[in-house]
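Knowing the structure of chain G, use the given hints to seat chains V and S on it.
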Amino acid sequence: MSEPKHHANRPEHALPAGNRASLGILAIFIIFVVAVPKNNLPAVIAYGAFPLFVITASRISLRLIMNRLLVISPFVLFMAAGNLYFDRQPIFDAWNVSVTGGMISAGVIAAKSFVTISALLVYSHSVPFHRFGNALRAWGVPELFATQLQLVYRYSFMLGDEARSLQKARDLRSFGHKGKDIRTTAQLIGSLLVRSSLRAEKIYMAMSARGFGNSLASHQKEPFTMRDAITVLLTTTGFLTVWIVFVPKP
Amino acid sequence: MHMSDALISPAVGGAFWAVSGGLIAWSIKKSSLDQDGRKTALMGVLGAFVFAAQMINFTIPGTGSSGHLGGGLLLTVLLGPHRAFIALASVLVIQSLFFADGGLLALGCNIFNLAFFPAFLAYPFLYRTIAGNSLSPARLGAASMTAATAGLLMGACFVVLQTTVSGISELPFGTFMLFMLPIHFAIGIVEGLVTWAVVAFVAATEPSLLTMQKKPENKRFLTPAVFILMALVTGGTLAWFASSHPDGLEWSMARVSGREEIEGRHEPVHGMLSSIQEKIAFLPDYGFRSTGDGTSDSSDPVSPVNPGTSVSGIAGSLMVLVLAGAIGLFTGAGRRKTEKTGE
Amino acid sequence: MIETEGLSFTYDDGTKALQHITLRIREGESAGIIGTNGAGKSTLLNHLNGWFTPQSGTVTVDSIRSTKKSQETLRRKVGLVFQNPDDQLFMTRLYDDIMFGPDNLGMHRKESEAEAERLLRNFGLWELREKPPSKLSQGQKRFAAFAAVLVMRPPILVMDEPTSDLDPRNRKKLISLLRSLSSTRITVSHDLDFIWDTCDRVFVMNSGRISAEGTTTDILADRALLEENGLELPIRLQD
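Chains as they are written, first to last, in my numbering: chain G, 1 to 250; chain V, 1001 to 1343; chain S, 2001 to 2239.
Here chain G stands alone, though its shape is the one from the complex (with noise of 0.2 Å):
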């Protein structure tokens, strides 16, 4: 498992916003998700509007998104169903199917984890993995923090790619039910468990020879620009105008 190819770099115009405004805006439109009432189906579906067009302007692939929407977690399948199922007050008729309040409320469930997941699919596509963490250190995250983010991130696919070698070996030697029991599998963890650690001993002497400090922080702080303020002011604006027209006042 190699790090995938949209993690890698981008270029500097995939986003007209700067790494931490990016950050913000995503932020602010989320809130903006979740804070649609649990019956407002058309907000949630105006708000849908916009990762879509985030897709689109910066060519990121539909296909990708798409497929990794499908994966619905079962937790919010099930969230929806116990809404259908405790919630069966009729709300409308339509074309002879009576619209109980669940099924709206399901859909709303469902919409928003599409919309909100969207949302983070289109940024972690668009924000190479480097960015994101300039963008924290920007918005005052700790640096041992932002530290550690980095070198999870930088060392989860290779030791991925370990985890799978190790699943393989022990795969090709499993027949029938025999071979992938919770001891051996233990055994594997273990083994790959000593070798990270080893590993991380090498890491830090490879480190420490280039001056390594507790910090892997290597950037000039970035500044809020007039077009960071003008484009999270716009995105801001957009999404409240969405929140006026679409949630009707209590």
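No lab work stands behind these hints, which were simulated from the structure alone. We put the beta carbon where it would ideally sit given N, CA and C, even for glycine. Hints may contain errors.
[Stated by the list, open to error] Straight line, CA to CA, 16 Å or less: simulated EDC-like cross-link-like pairs of lysine to aspartate or glutamate:
1. S:Lys2068 / G:Asp171
2. S:Lys2135 / S:Asp2191
3. G:Lys168 / S:Glu2227
[Unchecked claim] Take a look, some chain G residues computed to stay more than 12 Å from chain S by CB distance:
4. Phe53
5. Phe92
6. Leu166
For chains V and S alone, coordinates are given in the frame of chain G:
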């Protein structure tokens, strides 16, 4: 157990962001004291290890389905609570932002549910108390099973609380709990078994990895652990047998006024506060809310077992623990600051 | 016998790893697969033991077509020795790692124990059988990985870079071991001298295709052919 943004409200998401953010900041402060670059590298790589280990699946006996290691308790055993919390939080951040596994607004909830309980409750109060410094398989096994199960159950409880308080779900609280808890109990058992087996493997091959932390100071966690356990057992089971007779105040009022409760005055403030209390009391009268048809989905009238009472007892105990702990930390920090500036 | 017919494979990211691969390896033969990095050698190997099933074309091992259903059957026939023995050995005790495969295969315990002992003694690892594999030297791990596969008595043995990390003495030992085996063997290696010493036939891969095949001496002595495919003559043939 990763929660999606679709299942929480901004208020709940924001509140847990604040709590988790505070815990991360505190953990960073504690971890930064020793300025050990080696441990920083280890935290990062072990965080990546958890990611990778979650890809390895195993067959769950008797079910035919497969599972994978969560890793929260294991990481805490290796790194200690503060560093493990940071490592787990970083894994959850990356899972959320770069793999869309778990929401962004829900990240605070996910960090709390999946990292706080194993790192700061299950490990110090259960795992360390039971296992101590021993590498004996029996003690490691008991410690892993107990701590993993407890950690997952506490996390599952909070998933239900967060979802219910958010008001997104129509699922009755009791039904939700009764669904989540047995499943997460079973998951906890499996997590405990895997953690035990991995720790045993490491104990056999690279025992130095298990002795990286300070030794516990003479059972100082035993007393709190015992009391916590007593509180949970009392709230969760003994409360079924509580007397239904009026207490002293109610008895006195009944003797004087003929009623156990006096009706309040119908003033706007009383009405407003009463309405707020009604809305936020998700366990009114230490039980589940009545369903629409006036019946409650709690217990069989013959049996003393009352799920609503159990849930109220356990939820209440945990909330008091967290609140008292937070107050203690806050006042303790203030006192230490005063002592420092007084020097 | 192993046959592939028009085998093609493309990874999810669009990399065309194999393009219309057609080859035939007879029973008892020892074949080498050589090529530059990224030529598709490992991807081809992963098809031969059923780890990957063909996206187009066919793979047949001893008359069994490679499909999702026949994967386990193919694994019983084809033993794969990994390039990195650390990926192959994961148990707490070396002896348990060796016995892992036979136990899962349901082989007769006493027979597999006897075979495990024979192999471990042959490789000089019997005294180390109680040790964790992680504590062995690189050469010891390499032979332990071989033992872990050979103990299952696969009729076909596939090896991925078997001499990487081996010192000259252990390399010689491995050559000797392989010459003593009667199973069909397929070796992927950059070590062309090793291929010269252990293989009867050689397939040259380039950009996912078989660009040449022939006897070992014909292929490995052809400087122009090798250079055309990004390779060099074996060290023994260089000036």
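Hints, one by one, checked against the model:
no. : hint                  : verdict
1   : S:Lys2068 / G:Asp171  : holds (14 Å)
2   : S:Lys2135 / S:Asp2191 : violated (27 Å)
3   : G:Lys168 / S:Glu2227  : violated (34 Å)
4   : Phe53                 : holds (26 Å)
5   : Phe92                 : holds (44 Å)
6   : Leu166                : violated (6 Å)
Consistency with the previously given hints fails for numbers 2, 3, 6, ordered from lowest to highest.
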